[in-house]
Amino acid sequence: MRRLIQRLLPAVAAAALLPLAGCGGGDTGIGAGRLAAIKARGQLICGVDGKLPGFSYQDQGNYVGIDVDVCRALAAALFNDPNKVEFRELTSSERFTALASGEIDVLSRNTTYTLSRDASGGNGLDFGPTIYFDGQGVMVPRASGITSLKGLAGKTICVENGTTTELNLADRFREQAIPYTPVKYQTGDQTYGAYLQGRCAAVTSDRSQLAAKKTSFPDPEAHVLLPEVLSKEPLGPVTVNNDSALADALRWVVFATMQAEESGITSANLKEKLAFARANPNQADLRRFLGVEGEFGKQLGLPADFVPRVLTAVGNYGEMFERNVGQQSKLKLDRGLNRSYRQGGLIYSPPFR
Amino acid sequence: MSALPWWRDRRRLGWLIQLAVGLVVLLAIALLLGNLERNLTRAGLRLSFTWLNDPAGFDIAETLLPYTAQSSYAMGLLAGFVNTLRVVVVGLVLATVLGVASGAASLSRNPLLAGVMRTYVEVVRNVPLLLQLVFWYFAVFLALPAAAEALRLPGLTLAKSGVFLGPVSLVNGELSGGWRLSLELAALLTGLVVYSGAFIAEVVRGGIISVPRGQWEAAASLGLKPTTTLREVVLPQALRVIVPGLNSQYISLAKNSSLAVAIGYPDLYAVAETTLNQTGRGIEVFLILLTVYLGLDLGISLLMNRLAHLVRIRER
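So the protein sequences, as listed, match chains A and B. So the first sequence is numbered by this note's numbering: it starts at 1 and just counts up by one. So the second sequence is numbered by this note's numbering: it starts at 1001 and just counts up by one.
Quick caveat, the hints were computed from the structure, so don't treat them as lab data. Check the hints yourself; a few may be wrong.
[To be verified] Lysine-lysine pairs mimicking BS3-like chemistry, simulated, CA-CA at most 30 Å apart:
(1) A:Lys271 x A:Lys84
(2) B:Lys1160 x A:Lys155
(3) A:Lys273 x A:Lys298
(4) A:Lys51 x B:Lys1225
(5) A:Lys39 x A:Lys155
(6) A:Lys84 x A:Lys273
(7) A:Lys39 x A:Lys271
(8) A:Lys155 x A:Lys51
(9) B:Lys1160 x A:Lys150
[As the list claims (entries may be wrong)] Here are some chain B residues the structure puts well away from chain A; computed CB gaps all over 10 Å:
(10) Leu1183
(11) Gly1223
(12) Val1261
(13) Ile1263
(14) Tyr1293
Ideal placement from N, C-alpha and C gives every residue a C-beta, glycine not left out.
Sequences and hints are given; from them, build the entire structure.
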């Protein structure tokens, strides 16, 4: 009996190790070929926050917001239908795992572009263009009389787990040697709920998020943002590393909305511009941009007319901004850094050439 | 070696079946590992634990260790683990006291007392723990008054700034002195103790019922009071039934403590979640988590098995 086992053991071990050695295998949908997988599925799966007014939230059962519009723009480019998106709501701690495991195709959840998230030795993500240049702020109840960070010495501050905010908070307060206690929650609802119940003297997050959440408070006027900006928070969509086809398609769909604003093309005058481009063979730039000539779409694995599709669905960047977070929204955020470079802002599209 | 052919040798056949099953399990594990390896390679990730020595960069609200944002991730995880241990150890003791008292009381001949205890057990057992924790935290503890109008009970002061044990004084609108528990810790302990207490009460009740009525009657005929009977005659016999049941309740409590993350208490899981986000080391972080929780539960099991051995009935 023992001899039998002795004879069998190496064979068993070899058999068990075989799958480890032979690393062929089919494609699991993670990594290369995600764009093809999305096309085959006929639907884009997009991870969003879902509870952040202006960025992504549900209005009468429909997802709206600037983060949502990025997903809709990509869906419009791929399927000519901005509704071919399935939205998955994720907390800030869940988001990267959901992306890395392939549960979602694109993460569009007010995510800050940082070195460690981008690097393959870190989170190993691939960032699209920044769609909102933000900075971290601190909100306090007006009645507290606190007017600067120094006023928060020894106080408790509510913050969401798994955010850059959490780290910046530690860095800024340590630099200025202000003692404080962070209380961390898993979701935005818990964070702001605890703040409103008076657990913390202040709540910290991106300034746009604070402004957005404030609109949903029972008494928005009872809360103020401190003047200090604690950090740079460039927010944008994200895809998984090592999948250039999807990352490039996403990148240029977003750039298309920015280029359209630079070129003065809106969802309202798109038809005119298209007709103009078709009728005037000497308008090479416009013809290439709108897909009347050239192969830009094909090079990206998108249809030739992906730019008109995107603009029909969500409009140009300026329209997206104003509709969701700007003057036409409840948030009434100033464009600030998010103006086109022509107006002194940072929104700039590389050339469509 | 016997002359029997192998397919009729029951002993050898048994071995072969074991071997076959073992092979299948090994193959399944190898397949999973191979898959993991392949996908990690494709995503450009490699298992590594060197990041544990990097500075964590985030703060932890309450810790018994000298942890600061400059400390390493390893130190942060350890601080989280100590926070978990604190809840588990205190929780075990309090839940046992509550459970034994209410389990015994639910068998009381006083219908009011028994009724109240039965209601407690049934209500608490049938509501999800997460819901209870969120209720305790947001509806009870966060609704406490500010320090100036603190709720003062003998030896216990409750306010929005925390739960204080022992004498406290109000200085400049802040409470000081005594032993302060954060609201998160207090809510987590309350939730876990009330929840586990209900299950332990049922275990204790079952244990007491398992002692034959004759034992009660015999003790009564000797003139023992009911409380003495319970303490000296019934409980020692009931323990051998109670202890194994307690074991699983204790293990549950240890595992349930990870729900702390829902109410902002920095336990091991909460720290691990932040760590995972900052480092992107999902697999490594989960390996650490699995190992620690498994170790904690096996430790509890081991101690309880020792205890079960001590309280077993010794045949004479």
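Task: Hint numbers not upheld by this structure, sorted from lowest to highest - done: 4, 5, 10, 12, 13
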